[in-house]
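The listed protein sequences derive, respectively, from chains A and B. Quick note, the first sequence lines up with residues 0 to 136 if you use numbering that gives the first Met the number 0. Quick note, the second sequence lines up with residues 0 to 136 if you use numbering that gives the first Met the number 0.
Derived from the structure by calculation, the hints contain no laboratory data. The reader is advised that the hints may include incorrect statements.
Computed footprint of chain B on chain A; a stretch qualifies when at least three of its residues, placed anywhere within it, have a C-beta under 8 Å from a C-beta of chain B [what the hints assert, rightly or not]: (1) 3 to 14; (2) 56 to 63; (3) 68 to 74; (4) 95 to 102; (5) 129 to 135.
DEER-style ranges, computed between Cβ atoms [unchecked claim]: (6) 96(B) / 60(A): 18 to 28 Å; (7) 71(A) / 2(B): 34 to 44 Å; (8) 130(B) / 134(A): 45 to 55 Å.
For lysine-lysine, the following BS3-like pairs were computed, each having C-alpha atoms within a straight-line distance of at most 25 Å [as the list claims (entries may be wrong)]: (9) 119(A) / 92(B); (10) 66(A) / 92(B); (11) 114(A) / 135(A); (12) 5(A) / 113(B); (13) 113(A) / 113(B); (14) 114(A) / 92(B); (15) 119(B) / 135(B); (16) 135(A) / 76(B); (17) 76(B) / 113(A).
All C-beta atoms, glycine included, are put in the ideal place defined by N, C-alpha and C.
Protein chains: 2
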Amino acid sequence: MAVEKKIEESLEFTPRFDDDGLITAIAQDAETGNILMTAYMNAGSLALTIRSGNAVYFSRSRRKLWKKGQQSGHVQKVEQILVDCDQDCLILKVRVDRGQCHVGYQSCFYRALKKDTGKKLKFIAQKVYDPEQAYKK
Amino acid sequence: MAVEKKIEESLEFTPRFDDDGLITAIAQDAETGNILMTAYMNAGSLALTIRSGNAVYFSRSRRKLWKKGQQSGHVQKVEQILVDCDQDCLILKVRVDRGQCHVGYQSCFYRALKKDTGKKLKFIAQKVYDPEQAYKK
Chain A
0 MAVEKKIEES LEFTPRFDDD GLITAIAQDA ETGNILMTAY MNAGSLALTI
50 RSGNAVYFSR SRRKLWKKGQ QSGHVQKVEQ ILVDCDQDCL ILKVRVDRGQ
100 CHVGYQSCFY RALKKDTGKK LKFIAQKVYD PEQAYKK
Chain B
0 MAVEKKIEES LEFTPRFDDD GLITAIAQDA ETGNILMTAY MNAGSLALTI
50 RSGNAVYFSR SRRKLWKKGQ QSGHVQKVEQ ILVDCDQDCL ILKVRVDRGQ
100 CHVGYQSCFY RALKKDTGKK LKFIAQKVYD PEQAYKK
């Protein structure tokens, strides 16, 4: 279809926000290629991310902008923003220090499904910081 | 909160499907670390993926299971499934051959935002196959 093809082949950045005004953003470590987390952005947080060079998301639970690292200090410096074919998903290639997940791990993806069960997980990473220290007032 | 903590620290695989019964799945090349695409799964497609070892998604537009590569031949062999802290997003580490995006690229993320404009994209990849050949009947 013509509209789809335009979005796919165009060099115009036309991010497609969903009915709630949000787009999925994947933060990927620019150095290691590890996927660190996924979150959502609205138009405001995306504009702020582009302008500031630091990742700013939109918290669905708190209904407000969420500057990554504001509380924990674990900011994400955005090196590059990629968009997918239908422009409804973004990758942020980011430079980070330790601990991008609020649970204490470097990545939110610290568990993998064990083979043959389909029900049980195993840890594939170790915590890199103490969230109680990082998030205390 | 206790429920959240259980989900985060548990080794029980309890994927959290959204109100439409879907969960986001990111396909990542197991060899290169490149993110290839994102799609959705429902409980049925996830179970089929685990059982068969090949990625099966749920097409929101067609409202049905979508065996990746069924038409194009570009299947995804799933090596590992990772889940994030709140268990509402999956990573599929996949082995693939050429051309995972229906537009003709290896990855759906073939464009990056040009710096300083915030409006214009640039291509960062070249097509690796001809979709018209791959998708013709």
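Please name the hints from earlier in the document that this structure breaks, with their numbers sorted from lowest to highest.
Structure breaks hints 2, 3, 5, 6, 7, 10, 11, 13, 15, 16.
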